[in-house]
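Enquirer: Each chain, written out:
There are 2 protein chains.
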Amino acid sequence: MGGMDLVWSTYKESLDEVEEQILKGLDSKIDLVNDIATYILNSGGKRIRPLFLMISSELTGNTVNKEHLLLGAGLIEYIHTATLLHDDVLDNADVRRGNATARVKWGNQPSILVGDYLYTLAVCQAVTIENHEVNHLLSSTCRSMTEGETLQFYHNKDFNLGEETYFKIVEYKTASLISASCRLGAIIAKGSEETKGALSSYGRHIGIAFQVADDTLDYTADGRRLGKSLGEDLKGGKITLPLIHLLQHCKEEERKEVERLIGEPGLQEEDLKQVTALMRNYGSINYAIKKAQDFVDLAKEDLSCFKDSSHRQSLITMADYVVERDH
Amino acid sequence: MGGMDLVWSTYKESLDEVEEQILKGLDSKIDLVNDIATYILNSGGKRIRPLFLMISSELTGNTVNKEHLLLGAGLIEYIHTATLLHDDVLDNADVRRGNATARVKWGNQPSILVGDYLYTLAVCQAVTIENHEVNHLLSSTCRSMTEGETLQFYHNKDFNLGEETYFKIVEYKTASLISASCRLGAIIAKGSEETKGALSSYGRHIGIAFQVADDTLDYTADGRRLGKSLGEDLKGGKITLPLIHLLQHCKEEERKEVERLIGEPGLQEEDLKQVTALMRNYGSINYAIKKAQDFVDLAKEDLSCFKDSSHRQSLITMADYVVERDH
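Order-wise, the sequence lines are chains A and B. Heads up: the first sequence is residues 2 to 328, going by my numbering. Heads up: the second sequence is residues 2 to 328, going by my numbering.
To be clear, the hints were calculated from the coordinates, so they are not data collected in a lab. If you're wondering where the values come from, they're calculated on a predicted model, not measured in any experiment. Please note: incorrect hints may appear among the correct ones.
Put simply, identical chains are the same to the list, so a pair is met inside one copy or across any two.
Said to hold, decoys possible - Under the rule of at most 25 Å between Cα atoms (straight-line distance), these lysine to any residue pairs were calculated in the SDA-like manner:
(1) Lys292 <-> His156
(2) Lys252 <-> Ile31
(3) Lys158 <-> Trp107
(4) Lys169 <-> Gln110
(5) Lys67 <-> Lys308
(6) Lys25 <-> Gly264
(7) Lys308 <-> Leu248
Using the sequences and the hints given, assemble the complete structure.
Expert: Shown next as structure tokens:
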């Protein structure tokens, strides 16, 4: 056993405790709230953020308040899940990880409400740690995530979206929570400023790499192998890195044709094939994969301040993992 | 000048500072976010919650950190506004206080996102006060509000909804934030436990009275005079106190007819007239008004532990005001 399998098995006991905490922490007096929250929390997420948090805390080498650590791991997953519930409403998404979305099962209204609930529950649990640094980190992270989502919405079907704004969206909506997971682990374990800074930066780079890789999978056969239906971003008018590259490099008449297909709900399989063929021609897919890999390399460099250890090795393995697989 | 006019003018300077804080506190780097937030924040709210907060802080008699007080007043209004944005999406509402709702002007998606943003902004600002009591209060309040909204949704068109659950919904979704406004004023002014307890209870009773009165206006000519379109709750399937009373007291065949109209989007003026006539016959309107008045009286009793002062008198005036007018 090696690679990610080894990482999963190394932290299995902690992850099982997180799992217990996640379900135990749901305490609404309203059954419907717990039902919907449980459904989406059990819909196949791998708890990658809690894993980042726990390994980060281990890396400090300090003994750690176990209760706070589990609380932190659980509430990070609540925040993540709250964004999934709202995202599915915003995107009119019917399927997530092969299952019907909560909005299909219960409707948009309870999805919005339970998203709000999970977010407020996370804040309720965070403040019980009674650590101002934790409060500042989590509140600013949630604000960034919301701003990232809004920026993405604002630039929907914006054919002139440049890389700079794209990376800003990615950093805000995705990387901020992964970065916060790493930093929170270090804060709870009372790590040094240097440790917290290095782990924040690692998480930020990992988060960007992950989102760029995920955006690329929307256009590749690998995405289909992982159970994704391809072309969802194109259909939804989301301008991501491979598309930005293509629009900037293709011929004027090709660009016109691609623009016609962006945000087209009735997008056909042939249309998608046409776009992905162009992307291959112009090297757009490879360009995006290379970019994701660059951020993985930056993330690994962030770990250079730590002496070698099995925990450091686990974070290196996870850096490679996020661009290789679907989560 | 007397009554509420005197109260408004007494605290005008503070309210102007709150107004400035509310607009200054909006700091998104995304113009659309600030635009939508400003639009809804300027849509005619009277800042009744900030007013409760400020008078409550004055009532302690202590000198108070002005910066924290304004921050608290502003963020309470952000939380309130966040719920309005989400409520309008949940209710498919087109008009609020005579203006087009944000969802009509910009769509459901930005309304959800900016609601999320205002809520996260409020938390970001709350944690800068660095007072754990503030954090516990606000996080538990937001959780209660979300649970109240969900409970209301869950009991939509529930013809057997009883008073107990109705009052629980009202307490959670509405009274909790008014109660928190009063308590927050007292916390920031370092009031005693007794003061904080009395003001929390006052706010809770006021909040219940306000919501019951508001629910009653949905069925009365007074509601129309205040620019409301009547019967919205009936049309939307919301079971409120006058309707609960009617369903429990009318004849079987009348009940069947009323039930047929609950949650009927095509509800006609004559249908509504039929229901309000029944409510008058069975004393349902008067029953609800009397209940609201009972809570006003309880709120005034909560103030008995304070010696007489102009601030105490202002809170008494506001107690009468909330059941008399629309907000």
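Enquirer: Run every hint past the structure and note whether it holds.
Expert: These are the hints, each one checked on the structure:
1. Within a single copy, Lys292 and His156 get their C-alpha atoms as close as 21 Å, which meets the 25 Å cut-off; across copies the closest is 50 Å, which misses it.
2. Taking CA atoms no more than 25 Å apart as the test, Lys252 paired with Ile31 passes in neither setting, with 57 Å inside one copy and 32 Å between copies.
3. Taking the closest pair of Cα atoms, Lys158 and Trp107 come within 25 Å of each other only across two copies (16 Å); inside a single copy the shortest separation is 29 Å, beyond that limit.
4. For a Cα distance limit of 25 Å, the shortest separation of Lys169 from Gln110 across copies, 20 Å, qualifies, whereas the shortest one inside one copy, 30 Å, does not.
5. In this assembly of identical chains, Lys67 and Lys308 lie within 25 Å of each other by CA distance solely inside one copy; the values are 24 Å within and 48 Å between copies.
6. In this assembly of identical chains, Lys25 and Gly264 lie within 25 Å of each other by CA distance neither inside one copy nor across copies; the values are 41 Å within and 36 Å between.
7. For the identical chains of this complex, Lys308 and Leu248 are neighbours neither inside a copy (44 Å) nor across copies (72 Å), given an alpha-carbon limit of 25 Å.
Hints 2, 6, 7, counting from the list given before, are not met by this structure.
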